[in-house]
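Undergrad: Read off the chains here:
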Amino acid sequence: MLDSISIFRIIKTGAINFWRNLWLSAAATMVMTITLVILSVLFLMFAVTNYSINTIQDKVDISVYFKNGLVEDQIMNIKKDIETDPKVRQIVYTSSEQAFQQFKDRHQNDQSITQSLNELSENPLPATINIKAYNLEDYPAISAKLQDVKYKDFISKVNFEDNRLVIERLGKILKFIVTFGLGLAIVFSIIAVLVIYNTITLTIYNRKEEVEIMRLVGATNWYIRGPFVVESLLYAISATVITSVLFLPIFSGVLPKIAMYVNPSVTVFNQNIFNFLYLVLMVFAISIILAVFSTLLAIRKYLRI
Amino acid sequence: MGAFGAFVYYSGHYDYIVIKFENVTKHYNKTKALDGLDLEIHHGEFISLVGMSGAGKSTLLKLIIGEEKIDGGKILIDDIDISRVKKTDLPYLRRKIGVVFQDIKLLPKRTAFENVAFAMEVCGHRKDKIGKDVPKILDLVGLMHKKDNFPHQMSGGEKQRVAIARALAHRPVLLLADEPTGNLDEVNANEVLDLLLKINQLGTTVILATHAADLVNKIKKRVITIENGKVTIEQEKGKYKL
Ligand SMILES: Nc1ncnc2c1ncn2[C@@H]1O[C@H](COP(=O)(O)OP(=O)(O)OP(=O)(O)O)[C@@H](O)[C@H]1O
Ligand SMILES: [Mg+2]
Chain A
1 MLDSISIFRI IKTGAINFWR NLWLSAAATM VMTITLVILS VLFLMFAVTN
51 YSINTIQDKV DISVYFKNGL VEDQIMNIKK DIETDPKVRQ IVYTSSEQAF
101 QQFKDRHQND QSITQSLNEL SENPLPATIN IKAYNLEDYP AISAKLQDVK
151 YKDFISKVNF EDNRLVIERL GKILKFIVTF GLGLAIVFSI IAVLVIYNTI
201 TLTIYNRKEE VEIMRLVGAT NWYIRGPFVV ESLLYAISAT VITSVLFLPI
251 FSGVLPKIAM YVNPSVTVFN QNIFNFLYLV LMVFAISIIL AVFSTLLAIR
301 KYLRI
Chain B
306 MGAFGAFVYY SGHYDYIVIK FENVTKHYNK TKALDGLDLE IHHGEFISLV
356 GMSGAGKSTL LKLIIGEEKI DGGKILIDDI DISRVKKTDL PYLRRKIGVV
406 FQDIKLLPKR TAFENVAFAM EVCGHRKDKI GKDVPKILDL VGLMHKKDNF
456 PHQMSGGEKQ RVAIARALAH RPVLLLADEP TGNLDEVNAN EVLDLLLKIN
506 QLGTTVILAT HAADLVNKIK KRVITIENGK VTIEQEKGKY KL
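As you go down the protein sequences, you meet chains A and B in turn. Heads up: the first sequence runs through residues 1 to 305, numbered per the working numbering. Heads up: the second sequence runs through residues 306 to 547, numbered per the working numbering.
It should be emphasised that the hints constitute simulated quantities derived from the structure, not laboratory data. Please note that a few of the clues may not be correct.
As the list claims (entries may be wrong) - Pairs of lysine to any residue residues, derived as SDA-like cross-links and limited to a Cα-Cα distance of at most 25 Å, are as follows:
#, chain 1, residue 1, chain 2, residue 2
1, B, LYS546, B, LYS432
2, A, LYS150, A, GLU161
3, B, LYS432, B, PHE455
4, B, LYS367, A, GLU161
5, B, LYS379, A, LYS150
6, B, LYS401, A, LYS301
7, A, LYS301, B, GLY487
8, A, LYS208, B, LYS379
To be verified - If the Cβ cut is set under 10 Å, some of the chain A residues that face chain B in the computed set are:
#, residue
9, ASP81
10, ARG215
11, GLY218
12, ALA219
Just so you know, even glycine gets a beta-carbon here, dropped at the ideal spot from N, CA and C.
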């Protein structure tokens, strides 16, 4: 196998090849960078849309307001009744006392509200249950069921905000992003492969003599191939670095704002750092696959060993 | 053996077979380059390989280093059947066989020293070993004083001697020379021939493929003549006949 000196020399030769054809290397790096940027944008748009859909989806629920003066048992019976429905994922019961307490807590800093609350002799807030379904499509059915006459004496209001249209629209956007973006990414990946293939072919051609002599004096096949692979890895690394530098501001500045806008209750800063590393790793892996693939093609075709 | 002895393989006796061709055939498409060739070369010999243009001399040498594959028969090097040598092991075989060509093949942007060092570098030798060995090899070919010259700053004969130095870098058992004097004038050709004879004297088996009748006649060692892909004449202390 290759010893450390040989590995060092392979890397050195690869780096020299990279510098010798600096313009070609720049072109190869640029095409690779464009591919990676497209992939990153695709990834980001996918992530943001997906995140929005999940957040909105999570916000969809049915609120049931009960009439005043009911005994808790009566409410519990209805709750149990609804719970038997297999479409229902979660039911949260809030008594009118809890609702009142929560309201007070939420507005404890607001002088005028606290004051007027204290003046109340009676709790004006109804008991509620909050229902979440497994599937978005199930909400209308659950909501319809609650309109049944048998609940008429207990339930004052069923509140169901139908966000399905928004979600559907987002879903369509997501699908478009994925198909269009993926198509674009594939086209540019092919261009990147072709450009790197040509660049490596040219390097092989430029080093024809050297390669021939290496073979004659007994250099191993991987010693001869190594520098070409290193050269293409340098394109991949450079393109990854450039792409990362371009995307860092988006991650540290723009994304948290989007996330805040979509869902103010979540701080996504930490999550973003993770996503950034994830993006860099993904982009790096893809660039290496493209670079090594095109180099191996060029080597197979033009490097007679 | 002298100070340079370390760079040439020397077993102390001359009676074992380094290379054996058994009924070897080689075609290129429709051309029959070798056609049932038999040949034995003993350790320490100096062989002049002669024959008309297209007789198959270069082909024979290429088969020895595994650059071309044989179509029939067998070639044994040190009793190893080279058609059985794996592709990944060929480089190690090539380190035991030095080769030089008519077109010399030095790297134009490297000095004499660097050209010889290159052979050691690409095979994983350390810098200190390279720094110690290369001057000795350049001394052997008599070019230490030109070690910093680039190929374009040397005569054809000197360049060929650098190429020979490079071929010796791995202390080969066998040195193959394919018309090494083909592009040289008489003086330079004689220099190169003298060097090959000296290397042979130090113990390395040499095969010299050539057209140059006057050189062959001067050598007075074994001459093998190839015609139509076969050995037709074998002479000890021979002359160039055709
Ligand atoms: N790569 C090749 N493809 C096809 N035919 C080839 C190839 N190499 C050699 N030949 C043919 O094989 C035959 C032997 O060629 P070879 O080069 O061995 O001859 P040679 O004795 O070295 O000739 P010369 O003295 O001119 O160098 C010739 O007929 C030649 O045309
Ligand atoms: Mg020839």
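Undergrad: Take the hints in turn and mark each one as holding or not.
TA: Verification of the supplied hints:
| no. | hint | in the structure |
| --- | --- | --- |
| 1 | B:LYS546 to B:LYS432 | violated (48 Å) |
| 2 | A:LYS150 to A:GLU161 | holds (23 Å) |
| 3 | B:LYS432 to B:PHE455 | holds (21 Å) |
| 4 | B:LYS367 to A:GLU161 | violated (83 Å) |
| 5 | B:LYS379 to A:LYS150 | violated (99 Å) |
| 6 | B:LYS401 to A:LYS301 | violated (29 Å) |
| 7 | A:LYS301 to B:GLY487 | violated (33 Å) |
| 8 | A:LYS208 to B:LYS379 | violated (31 Å) |
| 9 | ASP81 | violated (75 Å) |
| 10 | ARG215 | holds (7 Å) |
| 11 | GLY218 | holds (4 Å) |
| 12 | ALA219 | holds (4 Å) |
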